[in-house]
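First to last, the protein sequences are chains A, B, C, D and E.
Under the numbering used here, the letters of the first sequence match residues 1 to 355, in that order.
Under the numbering used here, the letters of the second sequence match residues 1001 to 1355, in that order.
Under the numbering used here, the letters of the third sequence match residues 2001 to 2355, in that order.
Under the numbering used here, the letters of the fourth sequence match residues 3001 to 3355, in that order.
Under the numbering used here, the letters of the fifth sequence match residues 4001 to 4355, in that order.
Just so you know, the hints here were simulated from the structure itself, not pulled from any lab data.
Ideal Cβ positions, reconstructed from N, Cα and C, are used throughout, including at glycine.
Be careful, since some hints might not be right.
[Claimed, not checked] Where chain D lies over chain C, by a calculated footprint (3+ residues, C-beta under 8 angstroms): (1) 2060–2074; (2) 2098–2108; (3) 2171–2177; (4) 2216–2225.
[Unchecked claim] Sample of chain C residues with no beta-carbon within 10 angstroms of chain B, all distances over it, derived: (5) Val-2022; (6) Val-2030; (7) Leu-2126; (8) Thr-2128; (9) Ala-2206; (10) Glu-2243; (11) Asp-2257; (12) Asp-2260; (13) Asp-2267; (14) Ser-2286; (15) Asn-2288; (16) Leu-2298; (17) Thr-2299; (18) Pro-2307.
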Amino acid sequence: MIGSSAHITQLPGLSPGTLVHVGKTRSHPVRIRLVQFDEKEVREDEAVLPDGELPRVSEGRVLWIHVDGVHDPETIEKVGVVYGLHPLTMEDIVNTEQRPKLEDYETYLFLVMKALSLESRPGSRLQTEQVSVIIKPGLVLSFQEGNGNFFAPILERIRSGRGLMRKRGSDYLAYALIDAVVDRYFLVLETLGETIEDLQDEVVLAPGTATLQRIHAMKREMLILRRAVWPLREFAYNLLLGESAIIDKSTVLFLRDVHDHAVQIIDSIETYREMTSGMLDVYLSSINNRMNEIMKVLTIIATLFMPLTFISSIYGMNFHYMPELQWRWGYPAVLILMALIGVGMLGIIRARKWL
Amino acid sequence: MIGSSAHITQLPGLSPGTLVHVGKTRSHPVRIRLVQFDEKEVREDEAVLPDGELPRVSEGRVLWIHVDGVHDPETIEKVGVVYGLHPLTMEDIVNTEQRPKLEDYETYLFLVMKALSLESRPGSRLQTEQVSVIIKPGLVLSFQEGNGNFFAPILERIRSGRGLMRKRGSDYLAYALIDAVVDRYFLVLETLGETIEDLQDEVVLAPGTATLQRIHAMKREMLILRRAVWPLREFAYNLLLGESAIIDKSTVLFLRDVHDHAVQIIDSIETYREMTSGMLDVYLSSINNRMNEIMKVLTIIATLFMPLTFISSIYGMNFHYMPELQWRWGYPAVLILMALIGVGMLGIIRARKWL
Amino acid sequence: MIGSSAHITQLPGLSPGTLVHVGKTRSHPVRIRLVQFDEKEVREDEAVLPDGELPRVSEGRVLWIHVDGVHDPETIEKVGVVYGLHPLTMEDIVNTEQRPKLEDYETYLFLVMKALSLESRPGSRLQTEQVSVIIKPGLVLSFQEGNGNFFAPILERIRSGRGLMRKRGSDYLAYALIDAVVDRYFLVLETLGETIEDLQDEVVLAPGTATLQRIHAMKREMLILRRAVWPLREFAYNLLLGESAIIDKSTVLFLRDVHDHAVQIIDSIETYREMTSGMLDVYLSSINNRMNEIMKVLTIIATLFMPLTFISSIYGMNFHYMPELQWRWGYPAVLILMALIGVGMLGIIRARKWL
Amino acid sequence: MIGSSAHITQLPGLSPGTLVHVGKTRSHPVRIRLVQFDEKEVREDEAVLPDGELPRVSEGRVLWIHVDGVHDPETIEKVGVVYGLHPLTMEDIVNTEQRPKLEDYETYLFLVMKALSLESRPGSRLQTEQVSVIIKPGLVLSFQEGNGNFFAPILERIRSGRGLMRKRGSDYLAYALIDAVVDRYFLVLETLGETIEDLQDEVVLAPGTATLQRIHAMKREMLILRRAVWPLREFAYNLLLGESAIIDKSTVLFLRDVHDHAVQIIDSIETYREMTSGMLDVYLSSINNRMNEIMKVLTIIATLFMPLTFISSIYGMNFHYMPELQWRWGYPAVLILMALIGVGMLGIIRARKWL
Amino acid sequence: MIGSSAHITQLPGLSPGTLVHVGKTRSHPVRIRLVQFDEKEVREDEAVLPDGELPRVSEGRVLWIHVDGVHDPETIEKVGVVYGLHPLTMEDIVNTEQRPKLEDYETYLFLVMKALSLESRPGSRLQTEQVSVIIKPGLVLSFQEGNGNFFAPILERIRSGRGLMRKRGSDYLAYALIDAVVDRYFLVLETLGETIEDLQDEVVLAPGTATLQRIHAMKREMLILRRAVWPLREFAYNLLLGESAIIDKSTVLFLRDVHDHAVQIIDSIETYREMTSGMLDVYLSSINNRMNEIMKVLTIIATLFMPLTFISSIYGMNFHYMPELQWRWGYPAVLILMALIGVGMLGIIRARKWL
């Protein structure tokens, strides 16, 4: 009996009862990795659902179940039922358009995060992937949409037995997962910083319409990053208040570190935002300046040639009695006059600093 | 004895005593649907007011009374008196220009929401309809302005007996009603998202005055959506604090879901808003760029032809002693001079990257 | 012994001791209306101050004293001394440049509000009038600057004995006065709404400098309305918290209604504000668009005629050896050439969508 | 042993030990006025420091010591040591670049305010002067930078024995000092209001670069006023919470009045700010409109004369076979043609509403 | 066993275990200065790590260990282990891209600040250096990136024995360190103030693209300063709440002073920000005004010469029957006509105030 609220693809108000995947269409096979460890040993396994068995949580050990792919509602439901998840939790796991959040379901904590990755092809579009984590004493469930390897280094740390990982409980493992997601934000931030420096040069040296579009593309990426980080800051703060019994006191210090990182990222985004608005000013005034340049050229040309053409048109008139036309030196005199006027005009233009 | 405050159509300060409908003129007959259910059975009926009878609330059952149309004050008053509503509640039900809100009248909770729907005709104008819900133990009263079928799927779920609906109390039914209203916001949001993508193409490829007006039309729709959602977020939060005795603990989790959705919508609107302001920048700079284009053409034309016309006007002068005019190759020489000047000017223009 | 702080017309720091009226000069005679009522009867009277007597507050009755005109400090002082008002209260009553506020002087509540009215002459300028209300058990004092009839309908309701008025205490009467003032804001809001719709048409169809000034005039009116409503929202909220012993529990619900209205007005103003900023965008871009139009015409004219004039100026040259001039079909050939160039130029212009 | 932090003129981190005056260089002799009063008598005196004696605080009396000039650290130190001031308080008194603030040093309250005055010469630049006030039971110390007469009226009130001054303690005297400073803000506000009205006319009738600079000068003055008032509002609020034992309950009402005034000033500044941004819009669009005017004239001229000049240049060509040239009525016919084209062009221009 | 999160240069999620320096590459040798003092004597020493010994904290004395350079993780780790620092603290010390913050690790307080300095070369770029301070009873550890002499004056004060330094505990020493960092901000602020005044002149007298870039460079510096000060204000506030047992009551007053300074700096930055946005307005309108100037010249030239050239082109036509051409005074008459038209045009231009 599971409530569904697949808001975007379904009619509103429909009867709940089936989990509906919301998000990008994915078809890769769902993989479930089982890792069980204590200070002495690590057991790794893979589960095949819906038919396979899922291990029980045993005291003194940490069980980590990582699910690659949430597009198969049946699998999620099976996992959920085995480990006692609330229907709304399962619904949120399969709906990948969630906002990052932390929810306390009393017997467990439920986290939704957005893992970011940069595509390597030019244009560097930001990819978002939803990561859900459930923390129970002795158990961590993690779900991700695609098949990125965000958590490979953590598995490595568990295997190697170095660091605190094997000595601590599920809350420390969860911290490590959160930290792995947040650390990727710094990579995105770094790329944004480089883009901003490129753009700052471009805006001053060779601004064009493409520049504007690149600025706005960057702003969009900043927005995505901010939407991923902002709620995380909030919930890291809530976690570190230490009110949940699931989080150990000694882990709280590490969560404060996560909170710090989130604040630092938001801070940098604010700085980038200010720099971006500065770039927009420079861009817009450079358009205006270029207009000024063009207008100056036009005005210089007109100022030079309109009076001269007027003079020559006078002596192109066909009046019978135009004494200048008979003068021996009339023509050279007019040419000299024109030259003088031309030089005078140029002088005035120079004086106005248009050349 | 009911206070009226039909603010807009009446003189202020008038004596209270009659309920006055405020809002769009409606004339469809008011329908009152009665649904009574417990885990075993469902009874449906329709009431004809003001003469008909209204059922009593009986323990162990949930009574849902849904009123289609609030433009008949007499009907509302009858319902209100039977179920013990405060005069101000009745006043708010008939005044359809309310802001969404939650009010705790101790014996019941009173909710006002805005149901949104998109008209199917082109231009996709947003329609707002006020929905009021009253929650008492064992009783849910719902009122809507028009005759939309927002709640048909819920009736269906009651009939079918699937899900939690029949097993829970009036608070769960109320949650279902709120959820149905909120789910429609996602439809609106989706349409807004599509409009934004259209506009982003339009702004880059073929911006015009109509584009600007479409951007502002979209901003207005965003505003309507935001005004509907913002207070809802607030009151969903208040509900989930679980302070009201009318809301059961187990329903609080579902209300948290509603709150989440509201936050998610507000979040998306913020993103859209940023994107819109980006589009305005692009639009304005595209106007300036087009101006630059036009000015460039003008300047190119003038730069090319003004000097040339000046030269030909010189040899159009009628001085008697102009030796060049007698030269055998004078004419071709001038033509070649002009060609050289023309090519030179084009070269300068090219160098400035105007062509 | 009354402190004065007639800030604007007096030197700062002067010795207190006299009440000084601050605000528009008024000279109409001050009228004092006395209304005493309980559930059974209503007694109305008029007092002549400073010589006349003022009635005492008697238990079981509500005494309402309404003063029309605060420009005569003597009268206010007399009233203040009789009913035990603090010097600062009296000072605030005669100083009509107060911000709306609520002050709790323990034995009474002191409210300052701004009553708004729209002048009927064209241009619809907003008029502000300060209304002060003092609430004591069994006593309501109200003061207004001018001689508007804001409270006539309330007197009517007292006389008629309908509604709750005669059954409730001074706090309900005070609520009715506040409500009468707030209801007038909706009239102003409605007018603003209409102005906005007019302006939206004007901005699209026939924008001019006057449009801009009308937009800003409207913004000013929005500002006045907001300044009147914003503090009222705050103090209505404080009142409805029900901490004052002077306000009865049953009146609190009505004050919540006032609070709601204030919030609703502020909300509408925010919407109008967004729409106004949209109009400014449209206006500014319409100026730019018109500039573009003008420049296009200029460029089209120049693009058409400069090359043509150049060609004809060539054949206006007086070289002796210009073979074309002798050709029989030279003239028509040139005309045809010109026509072709003209058509070609028009074609290019068309291709650029300038025509 | 006094810590110094003369931040701007000294190297940071230097050893504390001497008070260093920070601010405008002043050289007028420091005057110390001693006023001691109770309900029966007033004793006035002047102290000569560093050699002179300072009176003791005696019960039942209020001692007010006013120091004109804080540029002599020795004097301040002497006063500070006699009346038991904390080193940081003394440091803040001589550093006249403080932000307005209220500090509770348990045995006394320390206030810093900014007294504003307008210079009478044209351009009306705002002058800021720092006023520090220390309130102890039975003692008020006040310090000001220059030799303005802000507090002369208060001395007058003490001498005359009218009002509450002589009946109340040092807290009421301190209130009177604060009130005298705040009342001066209203003068500044009034001047700002007048400047805004002038500017509004100027912006519509004769906008120029000077207008823009005047707008920004006014914004700067608004900023200074706001920086002086904003913290004052805050600390007046803190004072009126009545938590300090030094402030008597009956004085709290008067401090609420000060708080009200601060709020009112901030409110007005917000209004002025909105009006200013409106003026900037009008100014910028008037520049654009003037550009439009100029371009229209240019376009009209070109539209009229380019085609005409082209026609006449045609008949200026020297082809042998141009039949029109021989026609008897050729010349007048061309003139009429030109006139018709001119009129036609004017008609088109009219139709576009450019004339 | 120390967790590393060198976010920017390492792959995310790596196993912790080594401290990794993040920030500018530095290679100067790490110096460790040991200062131990009580009221009677001062002992100074230098430690050579990793081999050397570090002194113990002894009661009644203050031990100050200052580390110049954090790019050698081994040294930091040694210091950290000796004095019992948490791994996350050590990580934050070597990662110099922290945001200023205050962390309470129960046995000690950990502060991160940004020391600012201005490079003396033209362009005055702001240099940021991270300073970390750890406060324990009887012990202060301070770490800085480079080899600036921020704290030399404090060492001087300790040596000289003047002031409170030798009489107080480690919290007062820590306050002195914080104060030394904050005092440097005033120097930066002063430079910013001077730059703004320069820019204000430049914007009015000789605005160019470089001006815009200088404005934005200044905005960036303001941003850096604000990012350094803003969190400091917050944590100074937290410190002065006096909740930490490590901070003595008597030191709280000094921390209030630090808080005041931070608020004052933020306040000034806000003012500068408003002034900067004013400068941008002036700059943009000056570009537009210059465009207007150019367009005026163009229009004047065209208005003068187009009609005149048209007239002379009329008399350049070759019609056989043009009676004016035979007139004796035709030529001078046309010249006079042209002069009159020229003067008339100039008159119109003058009337429009374009000259």
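We went through each hint and held it up to the structure:
no.	hint	verdict
1	2060–2074	violated (count 0)
2	2098–2108	holds (count 5)
3	2171–2177	violated (count 0)
4	2216–2225	holds (count 4)
5	Val-2022	holds, 27 angstroms
6	Val-2030	holds, 22 angstroms
7	Leu-2126	holds, 16 angstroms
8	Thr-2128	holds, 16 angstroms
9	Ala-2206	holds, 14 angstroms
10	Glu-2243	holds, 18 angstroms
11	Asp-2257	violated, 5 angstroms
12	Asp-2260	violated, 7 angstroms
13	Asp-2267	violated, 6 angstroms
14	Ser-2286	violated, 7 angstroms
15	Asn-2288	violated, 5 angstroms
16	Leu-2298	violated, 7 angstroms
17	Thr-2299	violated, 4 angstroms
18	Pro-2307	violated, 6 angstroms
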